[in-house]
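Chemist: So you can see what is in the structure, the chains are spelled out below.
There are 2 protein chains.
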Amino acid sequence: MNDRFLRACRREPVDCTPIWLMRQAGRYMEAYRQLRERYTTMQLVKTPELAVQITLQPIRAFELDAAIIYSDILPPLEAMGLEVEFLDSEGPVIRNPLRHQDDVKALREPDPRESLHFVLQAIHLARLELDGRVPLIGFAGAPFTLATYAIEGGSSRHLIRTKTVMYREPETWYLLMQRLARFLGLYLQAQVEAGAQALQLFDSWVGALSPADYDRYVAPYSQHVIQTVQATGVPVIHFSTGTGGMVERIAAAGGDVIAVDWRVHLEDAWRRIGYDRAVQGNLDPSVLLGPPEELTRQTMLILKQVANRPGHIFNLGHGVLPQTPVEAVARLVEIVHEKSQR
Amino acid sequence: MNDRFLRACRREPVDCTPIWLMRQAGRYMEAYRQLRERYTTMQLVKTPELAVQITLQPIRAFELDAAIIYSDILPPLEAMGLEVEFLDSEGPVIRNPLRHQDDVKALREPDPRESLHFVLQAIHLARLELDGRVPLIGFAGAPFTLATYAIEGGSSRHLIRTKTVMYREPETWYLLMQRLARFLGLYLQAQVEAGAQALQLFDSWVGALSPADYDRYVAPYSQHVIQTVQATGVPVIHFSTGTGGMVERIAAAGGDVIAVDWRVHLEDAWRRIGYDRAVQGNLDPSVLLGPPEELTRQTMLILKQVANRPGHIFNLGHGVLPQTPVEAVARLVEIVHEKSQR
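As given, the protein sequences belong to chains A and B, one line each in that order. Here the first sequence stands for residues 1 to 342, numbered as in this note's numbering. Here the second sequence stands for residues 1 to 342, numbered as in this note's numbering.
Isolated chain A, as found in the complex:
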């Protein structure tokens, strides 16, 4: 059993740096594109056998050190009563976004073991299929990031509706964040019961906030989710993007591993986060579109920054881009393992 990834989460010595990639199962792989021709994203997410098949695709193709369950961050919002739809042209759309405090009060909090059974079943089956080859990561969106979808009704550049609720209706905001944090905590606990060996909390949009707003309006709720989950004993990766100005505050909200994007120098970030945490990152995904020499050079730069300190998990700063050549992914995995040998 390859336990490099879990050892790195606990900052234990490893034979070489573990690597996995956000969106390692995705459009850049022919096998995934073939499935997407026949099924919508939500069909794939809701059919455990297919989700497992996709989860395993990159594990079979590359020497990755962890699998992450194929799913999406929006099913919990659907379980809570929002109508989620994926439009290929513009990403996810929510048909009945939250507009009033009553909409927040009307949100449901059904037992995730029933309402999100398809995710838990996929985790259970993926563990069987992986058969100990590499650990399996479960995940959820963080309360803030899910709140933006619920309020904006989809992706949004400036998150103006979200911030307007925060500033103008703090009671509505706090109520929404409380309910999301509670439900997400239970959902992630259920993922651990189903077999997830580590969890990643995706706070993808929180980089839109000032550090002061993060501390006041967001951190306590991320902290609630992380503490709920840490009670199960599995490591939690706390991921965000665009937060180079406040990595220490992200770390203060919790997480065994702090995942940063490429907009910050990894060793600078680690110093600010504190060496009592592991770090994950942080190659710019677009470097995989460049020539092999540039990929090698930039990968080496990151490995040198952290100088083999235990507790580094190599990853991109965000998901694999759809136009990425599979050879580049294979090469990256090889370089990381080879050049980080202790």
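Derived from the structure by calculation, the hints contain no laboratory data. Some hints could be false.
What the hints assert, rightly or not - A few chain B positions that, by computed beta-carbon distances, are all more than 12 Å from chain A:
# : residue
1 : D15
2 : E78
3 : L87
4 : H158
5 : Q341
What the hints assert, rightly or not - Here are the simulated distance ranges between beta carbons:
#  : chain 1 : residue 1 : chain 2 : residue 2 : range
6  : A       : K105      : B       : K339      : 35 to 41 Å
7  : A       : Q323      : B       : G233      : 45 to 51 Å
8  : B       : R10       : A       : R182      : 51 to 57 Å
9  : B       : N2        : A       : E85       : 39 to 45 Å
10 : B       : R108      : A       : Q223      : 54 to 60 Å
11 : B       : A252      : A       : E85       : 33 to 39 Å
12 : A       : R38       : B       : G154      : 30 to 36 Å
13 : A       : P310      : B       : D215      : 26 to 32 Å
14 : A       : Y39       : B       : E109      : 34 to 40 Å
15 : A       : T40       : B       : T296      : 43 to 49 Å
16 : B       : M300      : A       : K304      : 31 to 37 Å
17 : A       : R38       : B       : E169      : 52 to 58 Å
18 : B       : G274      : A       : A252      : 22 to 28 Å
In this text the structure is predicted, and so the values were computed from the model without any measurement. Even glycine gets a Cβ: it sits at the ideal position worked out from N, Cα and C.
Since the structure of chain A is already known, use the hints to place chain B on it.
Modeler: Just chain B now, kept in the frame of chain A:
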């Protein structure tokens, strides 16, 4: 003559903190919207009398401490041979984006005193009209930000084409950056000759890069522009967004004043930048959409962070949003002046 702004640029003591706002002339003002009903952005930019009128609108409406010439960052690209068009729906579009090294070689570098005469004439007339009331700021886009427009053909989320040129065709990239830096240096010098009393270099998209890529592919060219301009003796404000992870590198590339967005704690940023520079910022523009108490609270937070250290210019972290109520702008200017009195 109100010289608070220029004194703060030089880190000299002031009676209270100076304030101006990016996009202080813009859609949130009724007078501007009326002009935009009759003219396109480019017509306004290219008609000095109208550009001056717009430049003065916010100075007449609020007690701002500096004016910034009404213009756009794209006219220099047009002067160099690119066909720029503004579509209200999707922002600027370039009809003949750069695709090959030959396209870069074919760029023109005409004397900005002729090719961009309309901007210089607007600056000249605005100085007359301002009559010493407040200083006038000129500006240009930074080489990187203009390169992204020239290559992507418009705004772009991931800047994939731009980064692909950087990584795959470094010679083409360096040639483009050299030519942009040279032309922008001359353009900004011409703005000073025309009467600009300070200059702001807008590197709006550079936050998409890793610190290592910034140092290698961008910093030398921003540095060239800034050094060229500093030879004239006017202060240069170096602005970027999304660079909370690398403010010290932005500062290393130059600038008398380093302008940061709201994604970083201002005093943290200043410490990293060094107290031998002035700083500008950094309220989240969306706070102006909130209630008065929240605006006061957040403005006070920023003022307290820098604790009246000479060399702080108050501004937003990015431009005024179109939906901003004018009363909020008036209130902000008042709070900053009142609460920062020495």
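Chemist: Does the claim that B/Q341 lies outside the interface with chain A hold up, using a Cβ gap greater than 12 Å?
Modeler: Non-interface label stands for B/Q341: nearest chain A Cβ at 23 Å, farther than 12 Å.
Chemist: Lying within 34 to 40 Å: is that true of the beta-carbon distance A/Y39 to B/E109?
Modeler: 54 Å, violated
Chemist: Could you say whether the range 39 to 45 Å given as a hint is met by the Cβ separation of B/N2 and A/E85?
Modeler: 54 Å, violated
Chemist: Tell me if the beta carbons of A/T40 and B/T296 are separated by a distance inside 43 to 49 Å.
Modeler: 48 Å, holds
Chemist: Mind checking the hinted window 26 to 32 Å against the Cβ distance between A/P310 and B/D215?
Modeler: 28 Å, holds
Chemist: Just tell me: holds or violated, for the beta carbon distance of B/M300 and A/K304 against 31 to 37 Å?
Modeler: Between B/M300 and A/K304, where Cβ atoms are some 43 Å apart, the hint is violated.
Chemist: Could you check that no beta carbon of chain A comes within 12 Å of the beta carbon of B/H158?
Modeler: Its Cβ does come within 12 Å of chain A, the nearest being 7 Å, so this is violated.
Chemist: Confirm or reject the claim that B/R10 and A/R182 have a C-beta distance inside 51 to 57 Å.
Modeler: 53 Å, holds
Chemist: At 12 Å, judged by beta carbons, does B/D15 keep clear of chain A as stated?
Modeler: 27 Å, holds
Chemist: Using the C-beta atoms of B/R108 and A/Q223, is the stated range 54 to 60 Å upheld?
Modeler: 56 Å, holds
Chemist: Verify the CB-CB distance for A/K105 and B/K339 against the hinted window 35 to 41 Å.
Modeler: 38 Å, holds
Chemist: For the pair A/Q323 and B/G233, does the Cβ-Cβ distance stay inside 45 to 51 Å?
Modeler: Roughly 47 Å apart at Cβ, these two residues keep to the hinted range, so it holds.
Of the numbered hints listed earlier, those contradicted by the structure are 4, 9, 11, 14, 16, 17.
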